[in-house]
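Peer 1: Sequence:
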Amino acid sequence: MKAATPTHRALLAGAAACVMALCSPALAAPGAPDADGFVTDRAFEKHLAEQLLDARPGDVITIPEGKWKLMRGLSLTAPGVTIRGAGRDRTVLSFAGMVSGPVGLQVTGDRFTLADLTVQDTKGDGVKVNGTKGVTIRAVRVRWTNPDKATHGAYGLYPVGCTDVLIEDSEVFGSSDAGIYVGQSDNIIVRRNRAEQNVAGIEIENSTHADVYDNVATGNTGGILVFNMPNLPKPGGFTRLHNNVSEANNTPNFGAKGTAVSIVPAGTGMIVLANDDVEIFDNVIRGNNTVGIAIASDYSTNYKIEAGSPGAHDPYPERVLIANNVITGTGGAPDNALFPAAQAILAAGQSVNLVWDGFARSDGGDNGICVAAGGDKLVRLDAAHPGQLTLIPGRDCSAFPRQKAVVIP
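For the sequence shown, position 241 matches number 241 in this note's numbering, and the numbering has no gaps at all.
FYI, nobody ran anything at the bench for these hints, they're computed from the structure. The reader is advised that the hints may include incorrect statements.
To be verified - No more than 16 Å apart at the CA atoms, straight line, and that leaves these computed lysine to aspartate or glutamate pairs for EDC-like:
1) Lys67 to Asp116
2) Lys404 to Asp186
3) Lys404 to Asp277
4) Lys123 to Asp148
Unchecked claim - Across the chosen pairs, the derived CB separations fall in these ranges:
5) Ala86 to Gly58: 14 to 22 Å
6) Asn324 to Arg56: 45 to 53 Å
7) Gly364 to Arg90: 58 to 66 Å
In this text the structure is predicted, and so the values were computed from the model without any measurement. Glycine included, each C-beta is placed from N, C-alpha and C at the ideal position.
With these hints in hand, go ahead and build the complete structure from the sequences.
Peer 2: Here is the structure:
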């Protein structure tokens with residue numbers, strides 16, 4: 001056999017290299033870190049997506065330390081899976097420039113746990129969990145870093161249609177709707193979280209048996225919201241807001257026109273909208289420029305009940321307890337565009353710490369709203385006579401039916 005010449009050897013080596021490159025494109029070296037330290041590693045992204053696709057009950061999927069730039073949203077359908085990073089300052093998943101999604105992580109499997117990582121700059125929602133039983137989100141951060149708020153996704157942490165939901169020790173920054181949102185769900189604990197620079201910091205919507213405590217909501221448009229919206233399959237009720245700090249929520253409303261939160265006035269500490277059996281106690285609510293706690297019916301909004309909507313919608317907030325809250329520094333610069341009544345209340349020499357729109361199920365009724373003695377008076381508005389106010393002093397609320405603390409099994 002004739003020996004290969006140097007030229008032949010070079011050609012053979014080049015051909016072999018080409019074959020290897022064609023056979024293993026996913027093994028290409030990761031790109032260099034960008035200006036923010038993020039690495040684009042297609043092999044890493046593919047492996048992570050496959051782990052989620054192939055996951056089985058009991059699997060723990062560990063995402064290593066690093067600042068990873070992902071091009072596609074992630075999805076998990078298997079039950080009983082844990083996804084865990086190395087810490088929210090150490091494992092950061094950036095979806096800036098994602099080409100498909102728009103959700104960062106979408107989950108439909110029961111008994112799901114997400115912990116110890118950051119999700120940022122998604123086109124849509126950060127983490128969405130849909131229709132599952134058993135949700136734990138712990139020490140997770142979701143944020144949007146682009147100064148252009150029009151690019152921000154709607155929801156940060158977003159369980160909807162779920163049962164047994166625990167969100168704790170987490171934080172969300174910059175959502176164009178709600179930072180921490182739990183919708184159409186039951187048996188919920190939201191505790192020790194921070195929500196900042198969102199339209200709504202924390203929102204419980206059309207959900208039942210929610211315990212919201214030890215949270216900080218600051219720098220949002222509205223701090224903590226409890227909404228009951230029409231045209232949804234499940235009504236809300238039985239929510240406790242306690243031991244929270246809702247402070248300086250004065251960011252101008254940048255929510256999309258027509259969304260529920262687009263009506264929230266900048267400078268709102270807390271709102272109860274058309275929701276029943278709500279307890280608000282032992283909170284610190286300070287430095288909100290429009291109103292401390294607002295209690296409102298659907299008649300103060302432009303919401304309409306669509307024909308054929310499931311179930312009967314109750315537009316009135318009823319059986320609302322307000323007790324032992326510390327409310328200070330309210331009304332410094334009211335949002336007159338979205339809450340013109342605030343200026344009228346202040347002009348009358350009254351406080352905007354506690355305000356009710358005044359719509360009642362029966363003439364002269366109080367909807368079972370009880371403000372405990374020793375605190376602020378409740379200002380009741382009169383829609384039929386704008387500018388006319390009624391002051392309702394605190395009273396003995398010891399007979400108010402109290403709820404039990406929520407327990408997640």
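Peer 1: It remains to establish, for every hint, whether it holds in the given structure.
Peer 2: Evaluation of the provided hints:
1. Only pairs whose Cα atoms come within 16 Å are accepted, and lysine 67 paired with aspartate 116 is accepted, the gap being roughly 13 Å.
2. Taking the CA atoms of lysine 404 and aspartate 186, the gap is near 14 Å; set against the 16 Å cutoff, the hint holds.
3. This hinted pair checks out: lysine 404 and aspartate 277 have alpha carbons roughly 12 Å apart, not beyond 16 Å.
4. At roughly 12 Å between alpha-carbon atoms, lysine 123 and aspartate 148 fall within 16 Å of each other, so this suggested pair holds.
5. Separated by about 21 Å at the C-beta atoms, alanine 86 and glycine 58 satisfy the suggested range of 14 to 22 Å.
6. Restraint check, asparagine 324 to arginine 56: a C-beta distance of roughly 48 Å satisfies the suggested window 45 to 53 Å.
7. For the hinted restraint 58 to 66 Å between glycine 364 and arginine 90, the CB-CB distance of approximately 59 Å keeps it satisfied.
When each numbered hint is compared with the structure, no violation occurs for any of them.
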